[in-house]
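With UniProt numbering, the residue at position 423 of the sequence shown is 423, and numbering never jumps.
Any given hint could turn out to be false.
Stated by the list, open to error - Label-pair ranges, simulated between beta-carbon atoms:
id, residue 1, residue 2, range
1, Glu242, Glu441, 11 to 21 Å
2, Ser250, Arg40, 26 to 36 Å
3, Ala25, Val339, 27 to 37 Å
4, Leu244, Gly286, 42 to 52 Å
5, Gln328, Gly378, 12 to 22 Å
6, Ala349, Glu312, 42 to 52 Å
7, Gln328, Arg350, 20 to 30 Å
8, Ala282, Gly443, 50 to 60 Å
Hints are computed from structural coordinates only; laboratory data are not their basis.
Glycine included, each C-beta is placed from N, C-alpha and C at the ideal position.
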Amino acid sequence: MNEPWRLTLSEGIRRIREGRLTASAWVQSLLGRVDALEERVRAWVQVDREGALAAAARIDQGEMRGGLSGAPVGIKDIIDVKGLVREAGSPLFKGYVPEEDSVAAGRLRAAGAIILGKTVTTQFANPDPGPTRNPWNLSRSPGGSSSGSAAAVACGMVPAALGSQTGGSVIGPATFCGVVGFKPTRGRVPLAGVFSLSWTLDHLGVLSRTAEDAALLLAHIAGAHPADDTAADAPVPDYPAESLPRRPGSVLFLKGLLSRAHPEVADAALREAARLREAGVAVEEGDLPFDFDLMHATHRIIMRAEAASYHEALFRACPEDYAPTIRQTVLSGFMIPAVHYLRALRFRARLARELETLLRRHELLLLPSMASFPPPWGAAPGGKPSQVNRLATEAFSHSGLPCITLPAGRGKEGLPMGLQLGGRRFGESDLLAAARWCEEELGWRSEIANPA
Numbered sequence: 001m002n003e004p005w006r007l008t009l010s011e012g013i014r015r016i017r018e019g020r021l022t023a024s025a026w027v028q029s030l031l032g033r034v035d036a037l038e039e040r041v042r043a044w045v046q047v048d049r050e051g052a053l054a055a056a057a058r059i060d061q062g063e064m065r066g067g068l069s070g071a072p073v074g075i076k077d078i079i080d081v082k083g084l085v086r087e088a089g090s091p092l093f094k095g096y097v098p099e100e101d102s103v104a105a106g107r108l109r110a111a112g113a114i115i116l117g118k119t120v121t122t123q124f125a126n127p128d129p130g131p132t133r134n135p136w137n138l139s140r141s142p143g144g145s146s147s148g149s150a151a152a153v154a155c156g157m158v159p160a161a162l163g164s165q166t167g168g169s170v171i172g173p174a175t176f177c178g179v180v181g182f183k184p185t186r187g188r189v190p191l192a193g194v195f196s197l198s199w200t201l202d203h204l205g206v207l208s209r210t211a212e213d214a215a216l217l218l219a220h221i222a223g224a225h226p227a228d229d230t231a232a233d234a235p236v237p238d239y240p241a242e243s244l245p246r247r248p249g250s251v252l253f254l255k256g257l258l259s260r261a262h263p264e265v266a267d268a269a270l271r272e273a274a275r276l277r278e279a280g281v282a283v284e285e286g287d288l289p290f291d292f293d294l295m296h297a298t299h300r301i302i303m304r305a306e307a308a309s310y311h312e313a314l315f316r317a318c319p320e321d322y323a324p325t326i327r328q329t330v331l332s333g334f335m336i337p338a339v340h341y342l343r344a345l346r347f348r349a350r351l352a353r354e355l356e357t358l359l360r361r362h363e364l365l366l367l368p369s370m371a372s373f374p375p376p377w378g379a380a381p382g383g384k385p386s387q388v389n390r391l392a393t394e395a396f397s398h399s400g401l402p403c404i405t406l407p408a409g410r411g412k413e414g415l416p417m418g419l420q421l422g423g424r425r426f427g428e429s430d431l432l433a434a435a436r437w438c439e440e441e442l443g444w445r446s447e448i449a450n451p452a
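Using the sequences and the hints, build the whole thing.
See below:
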């Protein structure tokens with residue numbers, strides 16, 4: 001592994017600490033990869049070459065700040081980074097530069113991470129197609145809305161990146177691009193300085209090549225903060241130490257979506273569930289204790305009502321600058337009665353309780369991460385595959401429980417598939433430990449894409 005851009009986040013940090021790699025060499029290698037691929041993949045809104053190289057030089061001169069010293073990361077372009085643009089995929093914010101870091105970006109900097117730049121998001125974190133292409137097949141979508149983060153990690157432009165998820169915007173792109181996507185418990189990571197889509201459903205998450213890297217980043221961005229009253233005031237474990245690979249004891253395999261999934265995806269899920277059993281995991285088969293479609297309808301009510309509230313003033317001033325899907329989201333949100341919104345919130349609380357009841361009997365839940373393969377690039381969102389994919393991810397966004405997707409092979413056309421594990425509230429350590437065990441024992445590992 002001569003090219004530093006091939007290193008995972010944890011591998012690169014270890015080499016820097018051991019004196020076998022400089023931060024400057026790592027950043028320069030990644031910038032070379034960006035130069036080689038960005039014109040085709042289009043994962044970045046802004047690459048901060050000068051800032052990244054200057055930060056790397058300071059690390060090399062002895063400014064070791066914390067557990068991420070020298071580690072390059074990407075930041076989704078709805079997350080504020082001081083001195084870099086935050087356009088949120090919209091012409092309304094073209095050229096806008098925040099004066100302060102978001103809490104998450106500030107914590108990464110304080111730990112010594114080097115922010116390589118801002119990655120593409122679809123407009124306002126909605127499904128409207130963006131410019132980014134899938135590194136495994138440039139004619140396919142990378143998924144959204146954390147499109148740039150997933151694509152950049154998948155093809156080795158950056159070892160890890162922050163994303164966000166309201167419905168499936170970490171899990172979906174990670175699956176379609178063949179990388180690890182991790183969404184922690186709602187409230188585990190502060191959202192201050194993040195452009196909102198739906199404030200009671202939004203989560204920050206991580207896209208990386210390994211679960212070890214996801215644990216490392218979570219350890220540095222988690223925890224309460226006075227700027228965000230939605231962040232949970234709960235102890236933050238030492239995730240890297242507490243998530244060493246560990247075989248899960250009991251897994252409930254949720255088969256309810258398999259009948260709606262692409263046959264190759266369904267076959268892969270059945271095959272890997274059988275391999276889990278063969279490896280000594282107690283795998284039971286079952287289903288969610290509620291109707292998927294009712295959950296999806298409830299999720300839409302909450303998300304649309306909150307998006308309309310958040311966007312109201314801007315939308316009324318500039319409706320023509322909204323892309324079709326987010327425009328429809330906001331318009332329909334204006335029409336949702338308060339009684340429907342409040343009823344949806346009550347249903348969501350019941351759903352979360354029912355999931356947590358399952359997780360008292362089983363350590364983890366298992367299901368396909370996405371039910372289909374990536375659609376053609378530029379295709380308008382919608383249709384049956386898109387709807388079923390949302391069902392696969394929304395249970396964990398809706399309930400606020402943590403989840404992770406791991407690569408689980410590729411289909412006949414070479415496109416990635418993924419399996420999703422869901423865990424207990426604030427049970428990220430157990431979830432990450434199981435994910436790391438699956439990587440090591442079952443080979444659920446990411447590969448680096450080389451776009452043709």
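Do the hints match the structure? See the list:
1. Range check, Glu242 to Glu441: Cβ separation about 19 Å, and the 11 to 21 Å hint holds.
2. A hinted range of 26 to 36 Å is violated for the C-beta pair Ser250 and Arg40, which are about 44 Å apart.
3. Against the hinted window of 27 to 37 Å, the Cβ-Cβ separation of Ala25 and Val339 comes to about 60 Å, which falls outside the hint.
4. Checked against the hint of 42 to 52 Å, the pair Leu244 and Gly286 fails, with Cβ atoms roughly 29 Å apart.
5. Checked against the given bound of 12 to 22 Å, the beta carbons of Gln328 and Gly378, roughly 18 Å apart, stay inside it.
6. At roughly 26 Å, the beta-carbon separation of Ala349 and Glu312 lies outside the given 42 to 52 Å, and the hint is violated.
7. For Gln328 and Arg350, the Cβ-Cβ distance of about 28 Å falls inside the hinted range of 20 to 30 Å, so the restraint holds.
8. One distance hint, 50 to 60 Å for the beta-carbon pair Ala282 and Gly443, is violated here, with the actual separation near 21 Å.
Hint violations for this structure: numbers 2, 3, 4, 6, 8, all remaining hints satisfied.
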